[in-house]
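Enquirer: Sequence:
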Amino acid sequence: MNFSSAPVENKNDLLKGKGNVEASRELLQIIMNNCYGPNLKVTVNDNREFFGALAYVDKYNLFLTNCEELYTGSQTYTRNCGNILIPFKIIKLVEIKKGYFDICYEELTKEQKA
Numbered sequence: 143m144n145f146s147s148a149p150v151e152n153k154n155d156l157l158k159g160k161g162n163v164e165a166s167r168e169l170l171q172i173i174m175n176n177c178y179g180p181n182l183k184v185t186v187n188d189n190r191e192f193f194g195a196l197a198y199v200d201k202y203n204l205f206l207t208n209c210e211e212l213y214t215g216s217q218t219y220t221r222n223c224g225n226i227l228i229p230f231k232i233i234k235l236v237e238i239k240k241g242y243f244d245i246c247y248e249e250l251t252k253e254q255k256a
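Just so we're aligned, residue 143 is where the sequence shown starts under the working numbering, counting upward by one.
FYI, nobody ran anything at the bench for these hints, they're computed from the structure.
There may be inaccurate statements among the hints.
Claimed, not checked - Calculated pairs, DSS-like style, for lysine-lysine (alpha carbon to alpha carbon, straight line, at most 30 Å): (1) K201 / K153; (2) K160 / K183; (3) K183 / K234; (4) K201 / K158; (5) K183 / K201; (6) K160 / K201; (7) K240 / K255; (8) K231 / K255; (9) K255 / K160; (10) K153 / K252; (11) K240 / K153; (12) K153 / K239; (13) K255 / K158; (14) K183 / K153; (15) K231 / K158; (16) K239 / K252; (17) K231 / K183; (18) K234 / K160; (19) K160 / K231; (20) K252 / K158; (21) K158 / K239; (22) K231 / K153; (23) K201 / K240; (24) K239 / K160; (25) K153 / K234; (26) K240 / K183; (27) K234 / K201; (28) K183 / K252; (29) K234 / K158; (30) K153 / K255; (31) K160 / K240; (32) K160 / K252; (33) K239 / K183; (34) K240 / K158; (35) K201 / K252; (36) K255 / K234.
Unchecked claim - Derived Cβ-Cβ restraints for the label pairs, each shown as a range: (37) N176 / S216: 35 to 41 Å; (38) N154 / S216: 35 to 41 Å; (39) T218 / D155: 23 to 29 Å.
Heads up, the beta-carbon is just placed ideally off N, CA and C, and yes, glycines get one too.
Just need the whole structure built from these sequences, with the hints factored in.
Expert: The following block contains the structure:
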């Protein structure tokens, strides 16, 4: 992968989905390749939250590994659901741990400057 092809992007722009497409793809690749713990929180339409490691993203789905599900409705529960494929059409919000994002962004900027 040639990181020097895309200019260093502003961190806030990348978080908002703005900026260079190649830089965004490279950052997503770094996030997926280095994600081993529950660094993502995905909230879906029916009051469930999934905490897991991002393994794969395609046009329609997000795939999390080592996932835990938390239901915040009338009868709250938590369960280990292992690996899960979540369709984008039911996702309300995707959040990433700030510290993990900062580490990945730092790696992106280091690779782009090299």
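Enquirer: Look at each hint and say if it fits the structure.
Expert: Okay, the hints, checked on the actual structure:
1. K201 / K153: 24 Å, holds
2. K160 / K183: 21 Å, holds
3. K183 / K234: 11 Å, holds
4. K201 / K158: 18 Å, holds
5. K183 / K201: Holds: K183 and K201 sit about 19 Å apart, inside 30 Å.
6. K160 / K201: 18 Å, holds
7. K240 / K255: OK: K240 and K255 at ~22 Å, within 30 Å.
8. K231 / K255: Cα-Cα ~37 Å, so violated.
9. K255 / K160: Satisfied, since the Cα-Cα distance of roughly 20 Å is no more than 30 Å.
10. K153 / K252: With a Cα-Cα distance of about 13 Å, the restraint between K153 and K252 holds, given a limit of 30 Å.
11. K240 / K153: Measuring from Cα to Cα gives roughly 11 Å; hence the hint holds.
12. K153 / K239: Answer holds: K153 to K239 is near 14 Å, not above 30 Å.
13. K255 / K158: Holds: K255 and K158 sit about 23 Å apart, inside 30 Å.
14. K183 / K153: Judged against 30 Å, a Cα distance of about 19 Å means the pair holds.
15. K231 / K158: It holds: about 19 Å lies between the C-alpha atoms, which stays within 30 Å.
16. K239 / K252: Roughly 20 Å between the alpha carbons, so the hint for K239 and K252 holds.
17. K231 / K183: Judged against 30 Å, a Cα distance of about 16 Å means the pair holds.
18. K234 / K160: 19 Å, holds
19. K160 / K231: With a Cα-Cα distance of about 21 Å, the restraint between K160 and K231 holds, given a limit of 30 Å.
20. K252 / K158: 21 Å, holds
21. K158 / K239: 15 Å, holds
22. K231 / K153: With Cα atoms ~26 Å apart, K231 and K153 stay inside 30 Å; holds.
23. K201 / K240: Roughly 25 Å between the alpha carbons, so the hint for K201 and K240 holds.
24. K239 / K160: 19 Å, holds
25. K153 / K234: 22 Å, holds
26. K240 / K183: 12 Å, holds
27. K234 / K201: 16 Å, holds
28. K183 / K252: Answer holds: K183 to K252 is near 26 Å, not above 30 Å.
29. K234 / K158: 15 Å, holds
30. K153 / K255: Roughly 15 Å separates the two Cα atoms, so the pair holds.
31. K160 / K240: 18 Å, holds
32. K160 / K252: The given pair, whose Cα atoms are some 20 Å apart, holds under the 30 Å limit.
33. K239 / K183: With Cα atoms ~8 Å apart, K239 and K183 stay inside 30 Å; holds.
34. K240 / K158: Holds, at roughly 14 Å.
35. K201 / K252: 28 Å, holds
36. K255 / K234: Between K255 and K234 the Cα gap is close to 35 Å, so the pair fails against 30 Å, i.e. violated.
37. N176 / S216: 35 to 41 Å: Given about 37 Å between the Cβ atoms, the range holds.
38. N154 / S216: 35 to 41 Å: Cβ of N154 to Cβ of S216: about 37 Å, so the range 35 to 41 Å holds.
39. T218 / D155: 23 to 29 Å: 36 Å, violated
Consistency note: the structure conflicts with the earlier hints numbered 8, 36, 39.
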